[in-house]
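Trainee: Based on the sequences and whatever the hints tell you, model everything.
Those sequence lines, one after another, are chains B and L. The numbering used here numbers the first residue of the first sequence as 1 and each following residue consecutively. The numbering used here numbers the first residue of the second sequence as 608 and each following residue consecutively.
Hints in this document: simulated from the structure, not taken from any laboratory. As the structure is a computational prediction, the values presented were derived from the model and not from experiment. Be aware that a few hints might be false.
[As the list claims (entries may be wrong)] Now the stretches of chain L that chain B is said to cover, found in silico as 3 or more residues with beta-carbon under 8 Å:
{"id": "1", "segment": "609-622"}
{"id": "2", "segment": "826-832"}
{"id": "3", "segment": "839-852"}
[Stated by the list, open to error] The calculated SDA-like cross-link candidates involving lysine to any residue, where the alpha carbons are at most 25 Å apart (straight line), are:
{"id": "4", "chain 1": "L", "residue 1": "Lys694", "chain 2": "B", "residue 2": "Ala224"}
{"id": "5", "chain 1": "B", "residue 1": "Lys40", "chain 2": "L", "residue 2": "Lys694"}
{"id": "6", "chain 1": "B", "residue 1": "Lys487", "chain 2": "L", "residue 2": "Thr715"}
{"id": "7", "chain 1": "L", "residue 1": "Lys1149", "chain 2": "B", "residue 2": "Ala224"}
Don't be surprised by glycine CBs; every beta carbon is placed ideally from N, CA and C.
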Amino acid sequence: MNRKSLLLRLWHYLGRNRLLLVLALILSLSSSLFALYGPKLSGQAINAIKLGEDTSEMDFATIYRCVILMCIFYILSALLTYLLNAVMIRMSKKIARQMRHDIFESLSRLPVSFFDRFQTGNIISVVTYDVDTVNQSLSNDLLQILQSVVTVSVSFGMMISIAPKLVLIFIFTVPATAVFTRWLANRVRPMFRNRSKKLGELNGYVEEMISGQKTVKAYGREAAVLERFDEKNKIAVDAYTEAEANGTVTGPCVMFINNISLTLVCVFGALLFMKGANAPAAAAAVGGFAGWWQSFWGKRLLLGDLSSFVQYSRKFSGPINEVANIIAELQSAFAAAERVFGLIDAEPEPADSYEATVLSDVKGQVELKHVGFSYEPDKPIIKDFSMLAKPGSLTAIVGPTGAGKTTIINLLMRFYDVNSGAVLVDGKDVRTLTRDSLRRAYTMVLQDTWLFHGTVYDNIAYGKPDAKLEDVVKAAKAAKIHSYISKLPEGYDTVLSDNGTSISKGQKQLMTIARAMLLDAHMLILDEATSNVDTRTEQQIQAAMRELMKGKTCFVIAHRLSTIQSADNILVMRGGEVVEQGTHETLMSEKGFYYQLYRAQFEGAEA
Amino acid sequence: MEKISKYILPYAPYIALTVFIKLAGAVLELFIPYFMETILDDVVPSGVSRMIFLYGGLMLFCAVGALLCNIIANRMSAISSGKITRKLRYDLFDRLERLSSGQLDRLTVPSAESRLTSDTYNVNQLLARVQRLGIRAPILLLGGVVMTLTMDPALALILVMLLPLIGIIVYVVTKRSVPLYKEEQNILDRVVRILQENITGVRVIKALSKTEYEKELFGGVNDELTAIDQKAGLITAATNPSTSLVLNLGLTLVVLVGAWRVADGNTQSGVIIAFLQYFVMILNAMLGITRIFVMWSKGEASAHRVAEVLAMPEDLLVEENKKEIHAENLPHIEFKNVSFSYTGAGNALENISFSLGRGESLGILGETGSGKTTVISLLMRFYDVSDGEILINGRNVKTIPRDELTSMFGAAFQNDFIMEGTVGDNIRFFRDISPESVDNAARTSQAEDFIRDRGGMDSGVAVRGNNLSGGQKQRLLIARALAGNPEILILDDSSSALDYRTDAELRKALHRSFKDVTSVTIAQRVSSIRGCTKILVLSDGKAIGLGTHDELMKSCDEYRIIAEQQMGLAE
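Mentor: So, in structure tokens, the structure goes:
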């Protein structure tokens, strides 16, 4: 992302809070004015004191007036400053919130494949660290830039009016500062980018290893994991140190340039003054513009002028110094913003085409026509695969592990799109349907159970939030998980924490089955839905499962061939291809691969 | 912050040097205006132009010196804060890795994660900034106060009176903001958790069209985070204006009192002018200091969260072995009247006893939630038994050092952890294992074929093993368990995704190549465990049967029913 479009994007976020921004601008201008006025008042007071000292007649009326005014102004100025801070905080937090919102919005639109590729921790790092970095710099730096611009312009005007010749020095040093800052910014930007990236990678590793902590401990590999962590930690810290060390060079360097210019102003100013003192200026008697120019340009420098000029030049260079510092600081914000926008801009699932229709009145006929698919371009998983599932039929998919069974489900649910051929539901190509309506037409129970931090009730009713407690209890009873739930300390209100140790994988599967039982879709996908449930419980929930499957077009993946003998159609997959298709009886009589698998199971039972 | 002081102390000399260099830079910088004043006030009126160049040269010298000092000191501050953070993170990660399962359950993974990254990062930033910005301001403050004291002690007294007031402001603000920042980090933990859930559960969420709901959920936490962030921000933002106000009012007081004193002839107006100059300097220094306090609040909250974990007591300590062990004829594994409860109420296991000789095998069968996995968790000492004891080679597992204990086991758990990397990485799992052993393990676990198809041991494995099928994952995990040539092999329902044929092949191969290994196998299928020396049947945490397949077929009704059902179904 180039800087211009990056700034534009950031500006877009600022622009949403135009009102606050304008308010901030007004407040910062007025607080600057107050800041200028305070010293003026104290100056008046001192003048009065001085006068009183000289005349030994103290004008207390003026002094009191000044003192009271000062009090008022300082109180007002403090209020204004606080107000300004409050506005800036409000604005920057709103922007941060908006960014987090946008990232999450983008995440929810991303295709499933994205999460198969990216480390969770790295994504989290963007939401936590990178957004925070942008946010901090917006709230601090923006304000200072605003205020600096005001001071710089005022001081510059004053300096020109005092001694235009001396301003020439700044014609040299100001661009020098600008060029230098620019050069340095370009230099440190990749470093800050690296800093964000490496921290993200560290986060990714941490997330992975802390989630796998139990296994690491089981194998006693803590030391090795720690060593690997330290490598990444070192890289992240080094990236931080490098960016920090180089970024903080700006301040001293710009200060140096300023000091040089200050020295030059002093030296040349002093020389100029002395020259002027030795050879009194030829009074300009020439009229017109030339005369004005001569008097303007050749104006004789007074000692007081030189002193004021130096004062202003210090005022002038102070903010420039600040700005240069901020520009270095901004680099880290830019680098972080890049990562934020990178995530927001990650290519979403292609949107439903505008003519996509909502799948309604589902009959449940599913057809795959000459489907070809691969996750990676050169590794085809499914080649020229066709099948037809009539409404209410049961299709079983069997085959050795890794034969591509789960891939079929990815295609049915449109987690992935086919490379060639088509998937049809009720005769309509799924690509012409809205994803939401297509997915809602299915109920799915996967092998990888997913429960979230929430109550048992919330987890079971997840697909049907308006479900009554009795419905949930009914589903739980059917799934044979009710008695376990009632033994939990708070029954259905027990909160399942992420590492619910006392809940077993099988129990989790039963809960997801209960979740599915609450849904009312026309098509059902069971991917090893009971693989971790003991056979006895499985038997006990058979009736409920049959009820669940009744009248639905079902797709069942199972290893226990026993469970699918009654299927209308059995797809036997091997190496990404359907090698056999048919009912249990026909497949057995063909004595092909299915027969072998079935025999193996039988042998297994015997062994 | 004092809780992590032991990480900072070793760098104290280095930091002191940084401070010294920074100080030198600040002093050099202060000389520049001094020389400038000299040129304007003394040199110019004297009219000696050579002197101008002399002082100009001095200014240049100071400028160069300040440049070098500041660059060096800034670099040093970045280095030392980086090093401190690195060590802090190292220890924190180390501690997190060694937390007992119970401790990590209570802490939660998302919180562990954000403490390790976000919080240590805050500390890092604080350390670097305090060193960079925290030197000048106190020096200027001190200098300013000293100067004013020498000029007019009476007026300076006003200033001295104000300082405690500012101290109170800073104290009150920090006192209120630190808990808020801590709370903010806690909310951040929840943000992390929701993100994590949404990433791992993406399929379910999409399948149930719950995207909008999750967005709302995230929106809620996002709002909470924003609100508390704002609240903390608004409180700390008060520091700056209120400090300025106090000092400015003090300044006004100086003018007033000054006027009285001048009227009384106790002081001159010039003193007041100079006084005001110094007051401005003090004000700026004070503002710098309060800025540091704001950073401090955030860093302090984070440091506290880090220290909390570091201070967690060592759980599951290794106990001293008091009993004498006679190595002869001892069972390899023995459970003696073991009971266990996760929560303290309601036993997950009750009075379990069994013993296994070397090379023998135990199969565990039981309903979902009957406590099968708990047996393994106790054997591997992820938790300590509530009652009874577990012995390996006659030694109580509580007395076996962690390293020794883990080196005995090879374990494949349910939905076990697969990491991003290569197939080989996942089998070796950070251990030093010869290629032959890895190959042998892969062959035995029936993973050889699919690994070859994927392109060998160096082929890639995606995040969480997402590019592997369930059965492939399980075989990879079994290979991992075997690769270390363990004494004891643990298979927790780790062949459930395998088809019967592969499962049977696996058992045959295990029997062939790992004959002397004592094994504990949890399975749903009777066929997977019927060959075991002993089979333990669990129901609701209690043993309802223990014996060989044939014995149990006679003695244990539940077992017989399960077996008959499965065999019957297979026919």
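Trainee: Quick one: which hint numbers does this structure break? Sort them smallest to largest.
Mentor: Violated hints (numbers, rising): 1, 5, 7; every other hint is consistent with the structure.
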